[in-house]
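There are 2 protein chains.
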Amino acid sequence: MPDYAIGLDLGGTNLRAAAIDRSGVMLDHISGATNFTEGREAVLADIVAAIVKLREKRGAAGLAGIGVGVPGFIRMKEGFITGSNNLPYLENFPVRDEISRRLAAPVILENDANAAALGEQWMGAGRGVDDLVLLTLGTGIGGGIVSGGRVLRGFVGMAGEIGHTTVVTNGNPCGCGNQGCLEKHASATAVTAMAQLMQLGHNLTSKDVYELARQSGEAGEKARTIWRVMGEALGMSLATLVNIFNFPLYLLSGGMLPAWEFFAPHMMETLERRSFTYRATKSETRIAQATLGNEAGLYGAAYLPWVEK
Amino acid sequence: MPDYAIGLDLGGTNLRAAAIDRSGVMLDHISGATNFTEGREAVLADIVAAIVKLREKRGAAGLAGIGVGVPGFIRMKEGFITGSNNLPYLENFPVRDEISRRLAAPVILENDANAAALGEQWMGAGRGVDDLVLLTLGTGIGGGIVSGGRVLRGFVGMAGEIGHTTVVTNGNPCGCGNQGCLEKHASATAVTAMAQLMQLGHNLTSKDVYELARQSGEAGEKARTIWRVMGEALGMSLATLVNIFNFPLYLLSGGMLPAWEFFAPHMMETLERRSFTYRATKSETRIAQATLGNEAGLYGAAYLPWVEK
Numbered sequence: 001m002p003d004y005a006i007g008l009d010l011g012g013t014n015l016r017a018a019a020i021d022r023s024g025v026m027l028d029h030i031s032g033a034t035n036f037t038e039g040r041e042a043v044l045a046d047i048v049a050a051i052v053k054l055r056e057k058r059g060a061a062g063l064a065g066i067g068v069g070v071p072g073f074i075r076m077k078e079g080f081i082t083g084s085n086n087l088p089y090l091e092n093f094p095v096r097d098e099i100s101r102r103l104a105a106p107v108i109l110e111n112d113a114n115a116a117a118l119g120e121q122w123m124g125a126g127r128g129v130d131d132l133v134l135l136t137l138g139t140g141i142g143g144g145i146v147s148g149g150r151v152l153r154g155f156v157g158m159a160g161e162i163g164h165t166t167v168v169t170n171g172n173p174c175g176c177g178n179q180g181c182l183e184k185h186a187s188a189t190a191v192t193a194m195a196q197l198m199q200l201g202h203n204l205t206s207k208d209v210y211e212l213a214r215q216s217g218e219a220g221e222k223a224r225t226i227w228r229v230m231g232e233a234l235g236m237s238l239a240t241l242v243n244i245f246n247f248p249l250y251l252l253s254g255g256m257l258p259a260w261e262f263f264a265p266h267m268m269e270t271l272e273r274r275s276f277t278y279r280a281t282k283s284e285t286r287i288a289q290a291t292l293g294n295e296a297g298l299y300g301a302a303y304l305p306w307v308e309k
Numbered sequence: 001m002p003d004y005a006i007g008l009d010l011g012g013t014n015l016r017a018a019a020i021d022r023s024g025v026m027l028d029h030i031s032g033a034t035n036f037t038e039g040r041e042a043v044l045a046d047i048v049a050a051i052v053k054l055r056e057k058r059g060a061a062g063l064a065g066i067g068v069g070v071p072g073f074i075r076m077k078e079g080f081i082t083g084s085n086n087l088p089y090l091e092n093f094p095v096r097d098e099i100s101r102r103l104a105a106p107v108i109l110e111n112d113a114n115a116a117a118l119g120e121q122w123m124g125a126g127r128g129v130d131d132l133v134l135l136t137l138g139t140g141i142g143g144g145i146v147s148g149g150r151v152l153r154g155f156v157g158m159a160g161e162i163g164h165t166t167v168v169t170n171g172n173p174c175g176c177g178n179q180g181c182l183e184k185h186a187s188a189t190a191v192t193a194m195a196q197l198m199q200l201g202h203n204l205t206s207k208d209v210y211e212l213a214r215q216s217g218e219a220g221e222k223a224r225t226i227w228r229v230m231g232e233a234l235g236m237s238l239a240t241l242v243n244i245f246n247f248p249l250y251l252l253s254g255g256m257l258p259a260w261e262f263f264a265p266h267m268m269e270t271l272e273r274r275s276f277t278y279r280a281t282k283s284e285t286r287i288a289q290a291t292l293g294n295e296a297g298l299y300g301a302a303y304l305p306w307v308e309k
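So the sequences go chain by chain: S and Z.
Each residue of the first sequence is one higher than the one before, starting from 1 at the first, in the working numbering.
Each residue of the second sequence is one higher than the one before, starting from 1 at the first, in the working numbering.
Any given hint could be a false lead.
Chain copies aren't distinguished; within one or between two, either way the pair holds.
Below 20 angstroms or equal to it, Euclidean Cα-Cα: the simulated SDA-like pairs (lysine to any residue) are [said to hold, decoys possible]:
1. LYS57 - ASP21
2. LYS282 - ASP97
3. LYS222 - ASP130
4. LYS282 - ALA45
5. LYS282 - GLU269
Simulated from the structure, these hints should not be mistaken for lab results.
Let's have the full structure, built from the sequences with the hints guiding it.
In structure tokens, the structure reads:
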């Protein structure tokens with residue numbers, strides 16, 4: 001009888017893998033740097049090696065399944081990655097089947113933000129909640145939707161691309177072809193760009209802008225304006241999500257959460273003004289911080305074999 | 001063994017009820033004018049009388065269940081209607097339980113647009129498709145989402161309020177407290193308001209604006225501009241929906257469909273530009289006209305007892 005699953009999360013700087021049991025206890029954990037520039041074979045070999053190592057340690061007999069979270073859009077049926085900025089050499093390549101072949105075991109491929117949403121639902125801020133949306137606020141903005149306890153994937157596997165929904169009709173241009181995308185107005189990259197537009201300095205990180213916001217004086221004022229605009233963009237997106245889904249829980253994660261005190265009040269104000277559904281369900285609808293940090297995707301990947309069976 | 005269900009659709013001008021069998025054949029049909037101004041008791045009596053009449057004719061033994069579609073938001077657990085412009089006297093009143101009591105039979109209450117989406121999925125343009133979104137283009141814009149063959153209701157029952165998602169950041173004000181709502185830029189009411197702003201005349205209906213668009217000359221040009229702006233608003237909303245859901249089918253229904261030739265090209269152009277998910281799945285994603293017209297809600301209401309069991 002299977003007693004653990006293996007999850008792997010392929011991130012921009014780290015590859016993490018873990019053996020996790022059905023109750024969410026992490027039994028073993030592997031973490032290593034990823035070097036995307038080394039190309040396809042290196043990345044595939046790293047993925048397979050990490051999984052093999054965990055499987056050998058825990059034993060193949062107890063393995064319930066293997067889930068792999070990757071950046072980019074997944075074509076579920078084919079097991080392809082498409083539209084991944086970080087992993088162009090994995091595109092239009094049968095990555096799932098190739099990993100599966102090398103492991104001689106089935107593998108479930110999932111988008112990293114979807115996996116993170118599932119992880120939060122299983123072991124994080126969404127425990128006990130069947131329906132939630134997660135927004136990952138990083139250099140880009142990923143989205144993951146869990147509906148009825150399962151990832152909402154859409155018919156191709158590309159659902160949940162909330163970072164590319166419009167929040168400013170004629171806003172900043174985006175590489176996706178659209179303009180005014182959420183991630184062009186509320187990601188760490190957007191905060192950095194606004195800092196430059198506000199002449200706060202070049203190459204400031206979102207953390208720098210957070211530190212500035214804590215100061216008094218003109219620079220502090222400008223930094224707080226940036227967080228206001230960022231919070232309003234998030235609030236706009238949340239209003240749309242609440243009106244569409246009427247889910248009980250919306251989670252935010254990522255490196256910008258420390259600035260919560262500066263953006264969240266504006267986010268909530270915009271959400272409240274723009275969504276009567278939110279106002280009508282205010283006591284029951286929660287907007288909250290995710291709790292698993294960058295281990296959410298790892299938990300979600302390991303949960304896939306249990307929940308997709 | 002049950003062989004039919006009763007569906008009832010309570011509209012602004014009509015109350016329809018029908019006995020429909022499991023395969024979608026309409027066995028009996030009742031239609032009458034509704035007079036919302038007569039108050040709660042009159043409306044409740046009309047609803048109950050129509051259902052009783054059908055049940056008596058077909059026999060209670062064969063009745064699988066009763067579904068009732070109403071305008072307004074539904075609080076599912078309580079069986080209440082909330083936020084209905086047309087039926088204020090039914091708000092915060094146990095309407096489902098009261099109908100159920102008078103019929104001595106369980107009743108499933110559903111929002112009218114949700115019921116219409118389910119009806120299209122069962123017997124209309126969505127046959128054979130498990131996941132779709134329906135937008136009803138009327139004096140307002142309703143939305144209904146079917147996911148995995150069932151209505152996506154959200155935890156309170158208010159999901160699918162797509163008409164109140166923002167498509168123009170600083171657009172027209174809406175009674176819901178938001179501004180730039182889809183229904184303030186793409187409904188029949190919005191088309192009428194634009195006709196007035198364009199000085200095409202007072203109190204023109206959307207049908208008048210459609211007729212004008214077919215003409216040459218300045219008025220025709222202005223009318224076509226209105227349909228362009230309306231189509232772009234719809235395209236914006238569809239781009240958001242496609243990015244979020246990655247569903248295979250998005251349906252439009254309502255009295256403005258005759259103007260399809262004038263708004264649809266702009267709608268599709270905006271959708272294509274604003275959604276890379278659409279571009280990546282273009283051959284598989286359909287934007288189409290609903291086919292059941294104003295009987296969609298009736299079919300959907302009658303399907304509820306089968307699908308919610």
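Hints versus structure:
Within a single copy, LYS57 and ASP21 get their C-alpha atoms as close as 14 angstroms, which meets the 20 angstroms cut-off; across copies the closest is 58 angstroms, which misses it. Proximity of LYS282 to ASP97 under the C-alpha cut-off of 20 angstroms is found in neither arrangement, the shortest distances being 45 angstroms within a copy and 25 angstroms between copies. Proximity of LYS222 and ASP130 under a CA criterion of 20 angstroms is satisfied in neither setting, with 40 angstroms inside one chain copy and 49 angstroms between copies. Taking the shortest Cα distances, LYS282 and ALA45 never come within 20 angstroms of each other, neither inside one copy (48 angstroms) nor across copies (34 angstroms).
In this assembly of identical chains, LYS282 and GLU269 lie within 20 angstroms of each other by CA distance solely inside one copy; the values are 12 angstroms within and 37 angstroms between copies.
Comparing the model with each earlier hint shows violations of hints 2, 3 and 4; every other hint is respected.
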